[in-house]
Structures are given as C-alpha cells and as structure tokens.
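J.: Sequence:
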Amino acid sequence: MRIKLEKLVDDLVSIITPAYNAEKYIKDTITSVINQTYTKWEMVIVDDASSDNTNIIIKEYRQKDKRIKLITLLKNQGVANARNTAIQNAKGRYIAFLDADDVWEKEKLEKQINFMKQNDVYFSYHDYKLLDLSTNKEKIISVPKQLDYNNLLKGNRTGSCLTVCLDRKMIKDIYFPKAKHEDYICWLNILKQYSIVALGLNKTLGTYKVGKKSISSNKLQSAIWNWNVYRKSQNLSVLKSIYYMYFYVINGIRKYT
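Read in order, the letters of the sequence shown correspond to residues 257 to 513 in the working numbering.
Since the hints were derived computationally from the structure, they do not count as laboratory data. Because the structure is a prediction, the values reported are computed rather than measured. Among the clues, some could well be false.
[To be verified] In silico lysine-lysine, BS3-like type, Cα no more than 25 Å apart, as pairs:
(1) K459 with K434
(2) K395 with K283
(3) K385 with K280
(4) K347 with K428
(5) K395 with K373
(6) K448 with K393
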C-alpha cells in the first residue's frame with residue numbers, strides 16, 4: 257500500500273495486528289507491545305469480524321493506552337485484507353508485524369530500530385522462539401544474516417511476520433495478496449521490486465506460537481502452497497520451482513526437528 261511520505265511520522269513504528277477470534281492470546285500480545293522499551297509506536301489492530309470477546313478486550317486496552325488503534329470489520333475478509341487495512345491506516349515510517357497470538361520481548365523494537373539505523377537497512381528480521389503449544393516446548397530459530405530475492409526463494413527464512421520490520425522511506429508499496437503464504441509473497445515482491453537486501457539481527461526478540469496441526473498434518477498442504485508461490489505468484493519455470501522446492505524442504509526439516 258502506497259502512502260505519501262510527507263504524512264509519515266519519523267521514528268514512529270506502526271504495529272500491524274490482524275485479529276480474529278483471538279480472545280485466548282490477544283491480552284499477552286498487546287501487553288508485550290505496551291511493555292516495549294521503545295515507546296514511539298502505534299498498534300493498529302484490525303478485528304476481522306470476530307465472534308468471541310476479542311473486540312471487547314481490545315477496547316479495554318485502547319481505553320488505557322491511546323497508542324492502540326482499533327478498526328472493526330463487519331465481515332470476515334481474511335488476514336491479508338486485515339493487514340492491508342491496517343497498513344492503509346498506519347502513520348509510522350516503520351512498519352512492524354505482530355499477529356494476535358504471538359508476543360515480543362520488551363527490547364524488540366528498540367534493538368531492531370537501532371539495528372536498522374546503524375546498518376542503513378530498509379528490511380530487517382530477527383531470531384525468534386518457536387513455541388509448540390501442544391507440548392509447550394520451545395526452540396530458538398536462527399535466521400540468516402542476510403537475504404536477497406534469490407535466497408528468499410529457498411524458503412521464508414525471515415520466520416513469522418513477528419520478526420519483520422520495514423522502512424517506508426524506501427519501501428513505499430506494502431501489499432499482502434489474498435493467497436496462501438501471503439506474507440512470503442509480500443516479502444518476495446518487496447525484495448524483487450526494490451532490489452534490496454534484507455538483513456537479519458541474530459537476537460531472539462519474539463515468540464511464534466504453533467499448534468500440533470500447524471507443524472505436522474499441514475506440512476503437505478504448506479508445500480503445495482509454496483509450489484503455487486513459485487509457479488503462480490513468482491512465475492518461475494517448472495525446473496526453477498523444483499530447484500527452490502528442494503531447499504524449501506531442507507529448511508523445513510531443519511526448522512521443525
């Protein structure tokens with residue numbers, strides 16, 4: 257989504273949070289933002305027509321902290337639309353992402369923004385904890401020190417959305433397509449369009465929560481979605497798609513074992 261640069265607030269981080277029936281985890285998510293040592297932020301939460309108490313909980317936090325913004329959709333339209341809606345309403349130069357069931361460490365924004373300024377980088381990501389909710393086991397996922405478009409095709413090694421921060425001084429168009437692996441497609445399109453390299457910060461600054469279903473029974477489905485990213489979104493040939501799928505499988509095995 258493109259926004260006029262003169263309207264962006266310098267040093268302000270806009271946190272993009274889509275929420276749908278997230279009453280179980282949304283309190284921890286919002287609290288992890290409120291506790292940030294970096295205080296120049298706004299949290300733009302889009303409630304995607306939740307049928308539980310998600311909206312009520314968000315309003316309670318909004319009353320206590322005016323940096324929390326709530327947009328309520330009357331019809332469920334999916335996570336891509338929710339993120340795009342939040343981005344359209346974001347005022348910050350920096351865009352960070354935090355889904356409604358994930359959490360950040362309190363120094364996340366401070367360390368990541370400093371990292372971006374010190375290294376003059378417009379796209380950054382960082383290490384994170386992978387928490388299996390079915391076993392309550394954690395694993396630290398270390399990210400590569402840098403990723404260009406071709407390297408990112410080998411798998412979404414930025415991790416979950418919760419690690420990514422973008423600088424709209426350079427990256428003016430941020431759009432999530434209505435497709436599976438929409439975040440992966442978004443990152444690929446950004447690196448390709450702007451011909452930039454994303455840099456990884458090797459500090460564990462967030463926790464990504466997954467259930468048993470997410471990391472086991474959905475592996476085949478996820479592979480199919482990834483194939484579609486190559487063929488339909490990035491328009492790669494069959495041979496190139498097979499080449500990159502090999503790395504996708506290898507990286508997936510390393511991540512979940």
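J.: Against each hint, give a clear statement of whether it holds in the structure.
T.: Here is how each hint holds up against the structure:
1. Restraint check: the Cα-Cα separation between K459 and K434 comes to about 31 Å, which exceeds 25 Å; the hinted pair is violated.
2. Annotation: proposed proximity of K395 to K283 holds, straight-line Cα distance about 23 Å (limit 25 Å).
3. Taking the CA atoms of K385 and K280, the gap is about 19 Å. The hint holds against a cut of 25 Å.
4. Restraint check for K347 and K428: satisfied, since their Cα atoms lie roughly 13 Å apart, inside the 25 Å limit.
5. Note on K395 and K373: the hinted pairing is violated, with a Cα-Cα distance of about 29 Å set against a maximum of 25 Å.
6. Of the pairs offered as hints, the one joining K448 and K393 is violated, with about 36 Å between alpha carbons and a cut-off of 25 Å exceeded.
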